[in-house]
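Engineer: Each chain is listed here by its residues.
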Amino acid sequence: MSVSLILDGDPDGCHAAAASLRALATELDDAGTVTASIRTRSEGDWNSRAGELLRNVCTRHLASGDRLRGASRELALQLSALASALAEARSELDRARKVARSGGYNVDTALPSFDQVLPEGRAETTLDHALAIAARAREVEAHAHAAFTEAVGPILEALTPPAVPAHSEPGTSQSILGRLRDLLPGEELRDLSPLVRLVDEARDLDLLDRLGGLDATDGLRAGGALAGVALCTRAKLPPSLLAACADGGGQLGGWAGDRLTGGSDEQ
Amino acid sequence: MSDIEFDHDAVAGYPRPLHTLATSLAAASTLPTPDAGTSTALAREAIDRVAVQSAALGGAYDDLCEAVLFCLERYPQADQGSGWLLEMQAEQALR
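Protein chains in written order, with the numbering used here: chain A, 36 to 302; chain B, 131 to 225.
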């Protein structure tokens, strides 16, 4: 049986991929520097709960970037090691070809085996030497692949959990805001000022602080309820109607929230 | 604006570097898959994960940039009465 002299794999391609991964790691480095700077500066520039959330987002992105940077660098390292080993194997296979040719064998892509070219029991030093070189080259290649497989396992494991928060999709905060703007008719309502004025009258109820921790649907439901209470108060309706106003406003807000977040259309 | 300290001029300096980060990460996340012989499938899987998650991080920076731009646009409109509501909207944008 003949022995192939063709290397399985492209060392140059592996080196190029490793270089791209290192370039990505550098970009992630830069991202970390900028993000950390914004997080620090914002402590003085933006002092509110929204500012705190900005810093939380920065912290999350920093952690994701660190993990990706580590994985990129490690993967680049392993690809470079694999490329170097494959290049060494290719060089040895080339040497085996030259040794065989020096012994008079016309070989190109494979070395013949002893039983193909020699009578049984007769040794051939040159071919033996070439076959030994090729066998070592194949060992180098096999060890390189085994080492790569062993090293990449933990990298894949580190990359298994989502490294970043999900990109904006329907139902997330930004799309909700966008859809809210689209849904509200006219500039007067779109800037929310009538609702602001209305709900502002309910500030004395000390319920507004609870809105911040609610999701979009519950927030709008609570806001609607507060607006109902404020309307009831402003119109000087009897206290007996307060609960009904709050309930009606809450249902309206909940309905709007469901529509905005893609939930049920039922009230 | 009541109980909210927002230095508009200072925060106005945030979106540009955030947008640059998003663009740079998107570009750097296009990674070649090499012919690594019998390790090609494994290399491809690892590289794909790095590429996809880096691109997603770029997208997340874009989201953050948009959220900050939203706040820059809306905070100056806030007055004593409406500041809390705009703050709530800002919180939604930054979650």
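No wet-lab data here; the hints were simulated from the structure.
It should be emphasised that the depicted structure is a prediction, and the values quoted were computed from it without experimental measurement.
Ideal Cβ positions, reconstructed from N, Cα and C, are used throughout, including at glycine.
Certain hints may be false.
[What the hints assert, rightly or not] Pulled from the structure, derived: some chain A residues nowhere near chain B, Cβ distances all over 10 angstroms: (1) M36; (2) R76; (3) S107; (4) T160.
[As the list claims (entries may be wrong)] Partial pick of chain A residues on the chain B-facing surface, computed with a CB cut under 10 angstroms: (5) N91; (6) A106; (7) Q113; (8) G138; (9) G139; (10) H164.
Engineer: Would you mind marking each hint as holding or not holding in the structure?
Structural biologist: Outcome of the hint check:
1. M36: holds, 20 angstroms
2. R76: violated, 7 angstroms
3. S107: Non-interface label on S107/A violated, nearest chain B Cβ at 5 angstroms vs cutoff 10 angstroms.
4. T160: holds, 31 angstroms
5. N91: Since chain B brings a Cβ to about 8 angstroms from N91/A, closer than 10 angstroms, the hint holds.
6. A106: holds, 6 angstroms
7. Q113: holds, 9 angstroms
8. G138: Cβ of G138/A sits 28 angstroms from chain B, so the hint is violated.
9. G139: violated, 31 angstroms
10. H164: Because about 25 angstroms separates H164/A from the closest Cβ in chain B, which is outside the 10 angstroms limit, the hint is violated.
Against the hints set out earlier in the document, violations occur for numbers 2, 3, 8, 9, 10.
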